[in-house]
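Chains as they are written, first to last, in the working numbering: chain A, 1 to 315; chain B, 1001 to 1244; chain C, 2001 to 2273.
Because the hints were derived from the structure by calculation, they are not lab data. Careful: at least some of the hints might be erroneous.
Said to hold, decoys possible - The list that follows gives simulated cross-link-like pairs (lysine to aspartate or glutamate, EDC-like), each with its CA atoms no further than 20 Å apart:
#1 Lys2177/C with Glu2206/C
#2 Lys1171/B with Glu1213/B
#3 Lys2263/C with Glu2218/C
#4 Lys209/A with Asp1126/B
#5 Lys2204/C with Glu48/A
#6 Lys209/A with Asp1072/B
#7 Lys220/A with Asp1072/B
#8 Lys2214/C with Asp177/A
These numbers were taken from a predicted model, which means no experiment stands behind them.
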Amino acid sequence: MNDQRTWPLLLSLLVLTAVVMVVSLGIGSHWISPFSPASELDSRILWELRLPRVLIAFAVGGLLALAGAWFQVLLGNPLAEPYVLGVASSAAVGAVAGMMLFPETIWAMSLGAFAGAWIGIASVLMFAHLGTTRLLLAGVVLAAFWSAILMLLLALMPERGVALAYAWMMGDLSRSDIALPYLLLVWGGALLAGLVLARSLDKLLLGEKHAAALGVDVRKLRFGLLLLASAVTAIAVTAAGTIGFVGLIVPHLMRLLLGSLHRAVLLASAFGGGILLILADTAARTVITPAELPVGVLTAMIGVPVFLWLLLRAR
Amino acid sequence: MLVIQDLTLHRGKKVLLSGLYAEFTAGQVVVVLGPNGAGKSTLLQSMLGMFTPAAGRITIDGKAVAECSRQDLAEKMTWQGDLPPSEFGLTVSQRLHLSANGPDEAKNQQAMTLMDLAKLKHRALDALSSGERQRVEIAATMVRDNPIWLMDEPTAHLDLRHQVDCLQLMKKEAQQGRLIITVLHDLQQAAAVADTVILLDGNGGAEVGVANEMLTPEHLMPVFGVQIQGEGKLLMPMYFEEKQ
Amino acid sequence: MNKLALSLFCVFWLSPAYAAERILALAPHVCESLFAIGAADQVVGVVDYCDFPEEAKSKAQLGAFHHINVEAALALKPTLVITTDTNTAAIRALSDLGVKVALSAPNSVDGVMQDILFLGALTGHTSDAEALVAQMQQQLAKIRAETANLSVPTFYEVWHQPLYTIGSKAFIHDVMKQMGMRNVFADAHMDSLRIPMEVALAAKPEVVVVPTEKRDVEARELFWKQWLGDDVMVLRANPDLMHRPGPRLIEGMRALLLQWQEKTAERVTVKAL
Chain A
1 MNDQRTWPLL
11 LSLLVLTAVV
21 MVVSLGIGSH
31 WISPFSPASE
41 LDSRILWELR
51 LPRVLIAFAV
61 GGLLALAGAW
71 FQVLLGNPLA
81 EPYVLGVASS
91 AAVGAVAGMM
101 LFPETIWAMS
111 LGAFAGAWIG
121 IASVLMFAHL
131 GTTRLLLAGV
141 VLAAFWSAIL
151 MLLLALMPER
161 GVALAYAWMM
171 GDLSRSDIAL
181 PYLLLVWGGA
191 LLAGLVLARS
201 LDKLLLGEKH
211 AAALGVDVRK
221 LRFGLLLLAS
231 AVTAIAVTAA
241 GTIGFVGLIV
251 PHLMRLLLGS
261 LHRAVLLASA
271 FGGGILLILA
281 DTAARTVITP
291 AELPVGVLTA
301 MIGVPVFLWL
311 LLRAR
Chain B
1001 MLVIQDLTLH
1011 RGKKVLLSGL
1021 YAEFTAGQVV
1031 VVLGPNGAGK
1041 STLLQSMLGM
1051 FTPAAGRITI
1061 DGKAVAECSR
1071 QDLAEKMTWQ
1081 GDLPPSEFGL
1091 TVSQRLHLSA
1101 NGPDEAKNQQ
1111 AMTLMDLAKL
1121 KHRALDALSS
1131 GERQRVEIAA
1141 TMVRDNPIWL
1151 MDEPTAHLDL
1161 RHQVDCLQLM
1171 KKEAQQGRLI
1181 ITVLHDLQQA
1191 AAVADTVILL
1201 DGNGGAEVGV
1211 ANEMLTPEHL
1221 MPVFGVQIQG
1231 EGKLLMPMYF
1241 EEKQ
Chain C
2001 MNKLALSLFC
2011 VFWLSPAYAA
2021 ERILALAPHV
2031 CESLFAIGAA
2041 DQVVGVVDYC
2051 DFPEEAKSKA
2061 QLGAFHHINV
2071 EAALALKPTL
2081 VITTDTNTAA
2091 IRALSDLGVK
2101 VALSAPNSVD
2111 GVMQDILFLG
2121 ALTGHTSDAE
2131 ALVAQMQQQL
2141 AKIRAETANL
2151 SVPTFYEVWH
2161 QPLYTIGSKA
2171 FIHDVMKQMG
2181 MRNVFADAHM
2191 DSLRIPMEVA
2201 LAAKPEVVVV
2211 PTEKRDVEAR
2221 ELFWKQWLGD
2231 DVMVLRANPD
2241 LMHRPGPRLI
2251 EGMRALLLQW
2261 QEKTAERVTV
2271 KAL
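My request is simple: use the sequences and hints to build the entire structure.
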């Protein structure tokens, strides 16, 4: 927990990111050495299929972990997650609605996800001043509500749409139409914003009154954080569908390793989330070959036991 | 240093305080006394700008609290209040660092030594007892080197030894030029440290005065509604009716 | 299990003389088959996508495949419901109220023929059904003859984002097999599967079949050519014909084959030049 451990740990995380990226690039239907692909086709598979996928996984994983860390401070509850608050579900509703209303428009789904996320945030915001317990409860109820809406939309969709919407809902990192530089930029921007706010976030861990007494404009910080965290969630959902529990596991692990101060936790989560999602996706596309699993299935399989364990441990 | 003019505080429809005037100079301990729910903590929070008064104003060094930024206020006043939540696993030393207004390691060490926390330095807050956490909060007040300390029941949870340490600290800091405004419940403790007393009656009324004039059975009995005996620094509530 | 149910129904209904039924046709192919064998007037209710022939659209609409409006269905006083899945709440409800239930879920080209005969028997249009099947068999035999020696590795693009294809349990798997196309994911014993793009590439298909629905087929053709080279043949399948195990299936197979033959001929010409 002391500072002498922080930098070596962050540095090893950076090295681990590089190693995981290189190894995941090599793994697939067959091993391709990232340094000397055997053929023209292998080289194209490496750079045009595997690399974008690894980078999308990295950015989305990092964004989900950052959003999770922010939601946890916001709600003063280490078990909070965009999923728990229903923001991920509302983004999914928006995406499916967009897909249904304008099936021929590529942007409909992305814009729908954004709109859905904003509506989700707005609904959660109405409960923000009522305290953590009620906010969380409202989040759970809202999540159930959004799931119900989602079910309604899917029931209205043709058969194939149902299967595909489900696939997308559990996460899909294979999208080739993602503006990758933009996504990586968002990752960087989100991390930067997190680091700028780190000290205020730390103070918010002491509760609203203590934070205010220490000079934090709590209302402004909370509002900004909620918007930031939800915008990041919407971008992650738009890019890769709804992938759960990364925002829970990663910040938790990083707090265990590095303590609670946010400069270290956010920096480590941005990379740790990336690493986790790259690993999960590499497993997802190889374990039941030739078929692949939706990556959200894997993160849920890791995340749910972790969540329950934390729930049992918490008093 | 701190001036209160015509301060009126409402909580919902209840009038906590109505038209309070007071002026406090540096170098004294002001004790706020009053029954539960009378608005003692609310009074401290209104000084911090965290509770908006229904009327009146509070100024610090000539500047109205309502017009100061949170950052300005945080550099004038330190607040000690409820135990902060401990779910996120902050350690004692991290807690102190969050309060410190500069990276002054010597000051942190001094505060930890005084509050008996040296051995607990790297422990997480949720692994401490309430009394230990209360000591952390007092140490956190110490490391924030502000001219005004607002302390809400600083001796709560503490054992006798640390209660005495805490009161001695307050007295010493006031003598060195700080203004300390504190909420206390124990009349003995109030009598021990108070230079000035604010007595809230819970119905909007308040009296401000020099400690030894205020801390008399005549003043206190109507406010608390109990029999009090003794005088000077030895005030005792009567727990049972005296048998003949 | 399905076959057992099917034969049980056959035994049950082939013996007595048939009264005209009031039929709920709960799948597009059922609707098409019933119309094709002249049992249109017995159909009282249909579901979404029962859009062929044109007259089918005038029948009462009951909702989606597995989520029909049971009350609306009962109001039609049905005597027989024909479904692709007997294990749904709606079907159980109808069955409990005395409506006979028949299963029609053919999963192979031969299955389609048998299904039409079965529907003929159910509705008293045995000879119409037999005539239709004979005609289909004849056309199928031609297709088989033209593609007898072929086993061309073929990838069927069920969906492109994420990429889905079919396994050996899919209806299309058998349809392709009947016309000389070998499903490159025949080893996957499932209906459909999501796969990474590189796995599709590793399977080295020579033909890619793209259904013409909900995607930019031109873009898909370009995409596949970028990855598999100009030699790959990208064919377009009409999903209304190919995905429905009904009377128009052979027509769809013929259209796909024609496309394939034309492209092959073009290529031969180009090479010759």
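Structure-based check of each hint:
1. Lys2177/C with Glu2206/C: holds, 14 Å
2. Lys1171/B with Glu1213/B: Holds, at roughly 19 Å.
3. Lys2263/C with Glu2218/C: The hint holds at about 15 Å.
4. Lys209/A with Asp1126/B: holds, 19 Å
5. Lys2204/C with Glu48/A: holds, 18 Å
6. Lys209/A with Asp1072/B: Roughly 16 Å separates the two Cα atoms, so the pair holds.
7. Lys220/A with Asp1072/B: holds, 16 Å
8. Lys2214/C with Asp177/A: holds, 16 Å
Checked against the numbered hints listed earlier, the structure breaks none of them; every hint is satisfied.
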